[in-house]
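Those protein sequences? They're chains A and B, same order as listed. Count the first sequence with the working numbering and you get residues 1 to 113, in order. Count the second sequence with the working numbering and you get residues 114 to 227, in order.
Heads up, some of the hints might be wrong.
Unchecked claim - Ranges between beta-carbon positions, derived for each pair: (1) A/GLY40 <-> B/GLU179: 36 to 42 Å; (2) A/PHE20 <-> B/GLU128: 41 to 47 Å; (3) B/ASN154 <-> A/GLY40: 16 to 22 Å; (4) A/LEU41 <-> B/SER197: 35 to 41 Å; (5) A/LEU41 <-> B/ASN154: 34 to 40 Å; (6) A/TYR10 <-> B/SER122: 40 to 46 Å; (7) A/GLY40 <-> B/ILE226: 32 to 38 Å; (8) B/PRO192 <-> A/GLY40: 25 to 31 Å.
As the list claims (entries may be wrong) - Quick list of in silico lysine to any residue cross-link-like pairs, SDA-like style, CA-CA up to 25 Å: (9) A/LYS3 <-> B/ASP198; (10) A/LYS55 <-> B/VAL142; (11) B/LYS219 <-> A/THR83; (12) B/LYS182 <-> B/GLY129; (13) A/LYS3 <-> B/PHE176; (14) A/LYS53 <-> A/THR83; (15) B/LYS219 <-> A/MET27; (16) A/LYS53 <-> A/ALA81; (17) B/LYS219 <-> B/GLN115; (18) A/LYS3 <-> B/ARG214; (19) B/LYS219 <-> A/LYS71; (20) A/LYS71 <-> A/GLY40; (21) A/LYS3 <-> B/GLY121; (22) A/LYS57 <-> B/VAL124; (23) A/LYS57 <-> A/ASP1; (24) B/LYS162 <-> A/GLN95; (25) A/LYS57 <-> A/LEU41; (26) A/LYS53 <-> A/SER67; (27) A/LYS3 <-> A/ALA81; (28) A/LYS3 <-> B/LYS171; (29) B/LYS182 <-> A/ASP106; (30) B/LYS182 <-> B/ASN154; (31) A/LYS71 <-> A/ASN84; (32) B/LYS162 <-> A/GLU17; (33) B/LYS181 <-> B/LEU133; (34) B/LYS219 <-> A/LYS18; (35) B/LYS162 <-> A/THR5; (36) A/LYS71 <-> A/ASP106; (37) B/LYS162 <-> A/ASP99; (38) B/LYS219 <-> A/LYS53; (39) B/LYS162 <-> A/TYR10; (40) B/LYS219 <-> A/ASN84.
These are computed hints drawn from the structure, not numbers from a lab. Glycine included, every Cβ here is placed at the ideal spot set by N, Cα and C.
The chain contents come next:
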Amino acid sequence: DVKVTQSSRYLVKRTGEKVFLECVQDMDHENMFWYRQDPGLGLRLIYFSYDVKMKEKGDIPEGYSVSREKKERFSLILESASTNQTSMYLCASSQPPGDQPQHFGDGTRLSIL
Amino acid sequence: AQSVTQLGSHVSVSEGALVLLRCNYSSSVPPYLFWYVQYPNQGLQLLLKYTTGATLVKGINGFEAEFKKSETSFHLTKPSAHMSDAAEYFCAVSPYYGNNRLAFGKGNQVVVIP
């Protein structure tokens, strides 16, 4: 079974802090994704990576950056957290091609005070 | 560009009644289609997917979906709702080429009434 592990289930940070969200997958998948989930808006893609050190912007990259130094680990970084970044963050991984499903972690509920 | 429309953010269904969740997509190329389910405080789990071949796809927990190209639809059904079906359901589309980036619908929150 594919396992996608997010480092924290709940996180509380203060405005202006630099925040790191970590995600690790154990299935040697090429692709990794970061989404945020907000009520009524569904899942919106922030960034994705299709190889080590490769990244592409998703639909809402502003205020975020990512890092993928190893194949199994994909980090989401909030450079200077703001209250409008309070949300549920979901990480996923998959293998190409497009008929392969994404496998999701349990999410990190982040609150910015 | 791809997009997915799911109407009705909240859907109420009586226990034992038919569950029907509608999904319409737009895609400039033949798509791959997915339904995911999210239980409270969990990530998304794959219910079923359509790639090629048979247009009626069976998934886990008694769910199935039918791909209708002429209607650009991929509606999800279950003949008889169970209390354990209370969850949020997302339809998603991916192009048949590329790095399987998904476009998600906004989701349907299903409430099962005893």
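Tested hints:
1. A/GLY40 <-> B/GLU179: 36 to 42 Å: This hint is violated: roughly 27 Å between Cβ atoms.
2. A/PHE20 <-> B/GLU128: 41 to 47 Å: For A/PHE20 and B/GLU128 the Cβ distance comes to about 44 Å; the hint holds.
3. B/ASN154 <-> A/GLY40: 16 to 22 Å: Hint holds: Cβ distance 18 Å, inside 16 to 22 Å.
4. A/LEU41 <-> B/SER197: 35 to 41 Å: violated, 26 Å
5. A/LEU41 <-> B/ASN154: 34 to 40 Å: At 19 Å between Cβs, range violated.
6. A/TYR10 <-> B/SER122: 40 to 46 Å: Between A/TYR10 and B/SER122, where Cβ atoms are some 25 Å apart, the hint is violated.
7. A/GLY40 <-> B/ILE226: 32 to 38 Å: violated, 22 Å
8. B/PRO192 <-> A/GLY40: 25 to 31 Å: holds, 29 Å
9. A/LYS3 <-> B/ASP198: holds, 23 Å
10. A/LYS55 <-> B/VAL142: holds, 24 Å
11. B/LYS219 <-> A/THR83: Holds: B/LYS219 and A/THR83 sit about 22 Å apart, inside 25 Å.
12. B/LYS182 <-> B/GLY129: violated, 30 Å
13. A/LYS3 <-> B/PHE176: holds, 24 Å
14. A/LYS53 <-> A/THR83: Violated, at roughly 29 Å.
15. B/LYS219 <-> A/MET27: Given that 25 Å is the threshold and the Cα spacing comes to 28 Å, the pair is violated.
16. A/LYS53 <-> A/ALA81: holds, 24 Å
17. B/LYS219 <-> B/GLN115: Cα-Cα ~14 Å, so holds.
18. A/LYS3 <-> B/ARG214: holds, 19 Å
19. B/LYS219 <-> A/LYS71: Violated: B/LYS219 and A/LYS71 sit about 30 Å apart, past 25 Å.
20. A/LYS71 <-> A/GLY40: At roughly 33 Å apart (the allowed maximum being 25 Å), A/GLY40 and A/LYS71 break the hint.
21. A/LYS3 <-> B/GLY121: Cα-Cα ~32 Å, so violated.
22. A/LYS57 <-> B/VAL124: violated, 33 Å
23. A/LYS57 <-> A/ASP1: violated, 29 Å
24. B/LYS162 <-> A/GLN95: holds, 15 Å
25. A/LYS57 <-> A/LEU41: Roughly 19 Å between the alpha carbons, so the hint for A/LYS57 and A/LEU41 holds.
26. A/LYS53 <-> A/SER67: Measuring from Cα to Cα gives roughly 7 Å; hence the hint holds.
27. A/LYS3 <-> A/ALA81: violated, 28 Å
28. A/LYS3 <-> B/LYS171: Given that 25 Å is the threshold and the Cα spacing comes to 24 Å, the pair holds.
29. B/LYS182 <-> A/ASP106: violated, 33 Å
30. B/LYS182 <-> B/ASN154: violated, 34 Å
31. A/LYS71 <-> A/ASN84: violated, 30 Å
32. B/LYS162 <-> A/GLU17: Since the Cα atoms of B/LYS162 and A/GLU17 sit roughly 40 Å apart, the hinted pair is violated (cutoff 25 Å).
33. B/LYS181 <-> B/LEU133: Roughly 15 Å between the alpha carbons, so the hint for B/LYS181 and B/LEU133 holds.
34. B/LYS219 <-> A/LYS18: violated, 29 Å
35. B/LYS162 <-> A/THR5: OK: B/LYS162 and A/THR5 at ~23 Å, within 25 Å.
36. A/LYS71 <-> A/ASP106: Satisfied, since the Cα-Cα distance of roughly 20 Å is no more than 25 Å.
37. B/LYS162 <-> A/ASP99: With Cα atoms ~8 Å apart, B/LYS162 and A/ASP99 stay inside 25 Å; holds.
38. B/LYS219 <-> A/LYS53: Cα-Cα ~31 Å, so violated.
39. B/LYS162 <-> A/TYR10: Answer violated: B/LYS162 to A/TYR10 is near 31 Å, above 25 Å.
40. B/LYS219 <-> A/ASN84: holds, 19 Å
Hints 1, 4, 5, 6, 7, 12, 14, 15, 19, 20, 21, 22, 23, 27, 29, 30, 31, 32, 34, 38 and 39 from the list above are not met by this structure, while the remaining hints are.
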